[in-house]
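In the order they appear, the protein sequences are chains A and B.
Take 59 as the starting number for the first sequence in the numbering used here and just add one per residue.
Take 59 as the starting number for the second sequence in the numbering used here and just add one per residue.
Hints may be right or wrong, so weigh each one.
Note that identical chains are pooled: a pair holds if it fits in a single copy or bridges any two copies.
Claimed, not checked - In silico lysine-lysine, DSBU-like type, Cα no more than 35 Å apart, as pairs:
hint	residue 1	residue 2
1	Lys126	Lys196
2	Lys126	Lys109
3	Lys126	Lys150
Keep in mind that the hints were calculated from the coordinates and are not lab data.
Being a predicted model, the structure only gives us computed values, none of them experimental.
These are the residues of each chain, in order.
There are 2 protein chains.
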Amino acid sequence: MADQTSHTVKSYDDDIHQLRSLISQMGGLCEAQIIDAIDALTRRDAEAALKVVATDARIDALEGEAEKLAIQIIALRAPMATDLREIVACLKISSVLERIGDYAKNIAKRASALAQAAPIEPMVIVPEMARVVAVMVKDVLDAFVDRDPELALAVCQRDQTVDNFYSSLFRSLLTFMMENPHHITPSTHLLFIAKNLERIGDHATNVAEMVHYSATGHLISERPRGDDTAFATSAAA
Amino acid sequence: MADQTSHTVKSYDDDIHQLRSLISQMGGLCEAQIIDAIDALTRRDAEAALKVVATDARIDALEGEAEKLAIQIIALRAPMATDLREIVACLKISSVLERIGDYAKNIAKRASALAQAAPIEPMVIVPEMARVVAVMVKDVLDAFVDRDPELALAVCQRDQTVDNFYSSLFRSLLTFMMENPHHITPSTHLLFIAKNLERIGDHATNVAEMVHYSATGHLISERPRGDDTAFATSAAA
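Can you build the whole structure from these sequences, using the hints too?
Structure, rendered in structure tokens:
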């Protein structure tokens, strides 16, 4: 193991700082991708949507960098258990962010398809839902950077709002599809978009739980994750 | 760093063997969960479906164990870069398997809802699709255990079949919904079930790429991941 000279200690701190800053960058990009995807959806701008699809590769590349750096830090610095747990937490968070990026990309793909369909009414609720979700992603990254358990807890609590948005959208889209068969294809895209946002909310909550745990050593008491519409037996259920 | 005595070397091998065997266990459980969820769907057995939902906690617990063990191995054995990369790959695979478990759980939730609805015709294609996906999960874990790049490659190639299943199901479900508004709620569940299966196929493919890379040092040339229905502008598209 390397001697714990101040030079080595400083370098380790530099390394971990660089790793955390890569993850912040990923988080910032994810937040922007969600906002841009929904913006393209609202403005019915297929070109802007396809730009979001293309930008996802940058998030994937950052994840690759973060993983490489994490392995390098572990190999060169042989960190103690506490530091190791932090590095592993960083790896997990970067993989969650990569997945959030994928959801934003999928939203953008659907936005490009919806730009060609007639606008549908339940869509007005989607930007609202997206705004809450994008703020969750922003806040959980701020909580990660500042090691702020209170903010992490607030992110977890906001997940219920997202689930409520999703349930309400799910039911109104189903009703909307029943009214007119022409609504079915665009409504299906919107349903998947809402589902993607709901999943992003879940992932932000998972990260918030990790941040809270690593800052306090305490688990946030679990609330059932996911929406309850998976059990729905009718649009009115 | 610990001396490379034969005792230490053996212990490291034991540790990594234990980690890989935890991941095999997770893989076996995931495969069983997919099969059981679809079986509950086909037999319209809500009770069996809820058993699948409950069993998911075992996969989550195994992931926790795998992570703990991985951190312990790194902290105690201070492995060299190649071994470290293997441990990090194990961590990534276990997190993918945890997610596959979540998808199976979500299928089971929807199966329990569908057990109360009238059976719908496009459902016959779902067990076929699920069979392909479950075999992909089984094969990718076998490829992982045997470090078999050929089998990993075969898994990747089968993902196209899954995507074709999904596209075909997507279009027939949309047509089916258009025919009769009463089909909409159950068709929506089936659409999400098919989407979950398609995502499991993607995840199995991701793992197969990791297995192939770690066995050969070569990347499998990328094919576009995900289904093309995200771009669909009508059921006939």
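(message) Tell me the hint numbers this structure goes against, listed in increasing order.
(response) none
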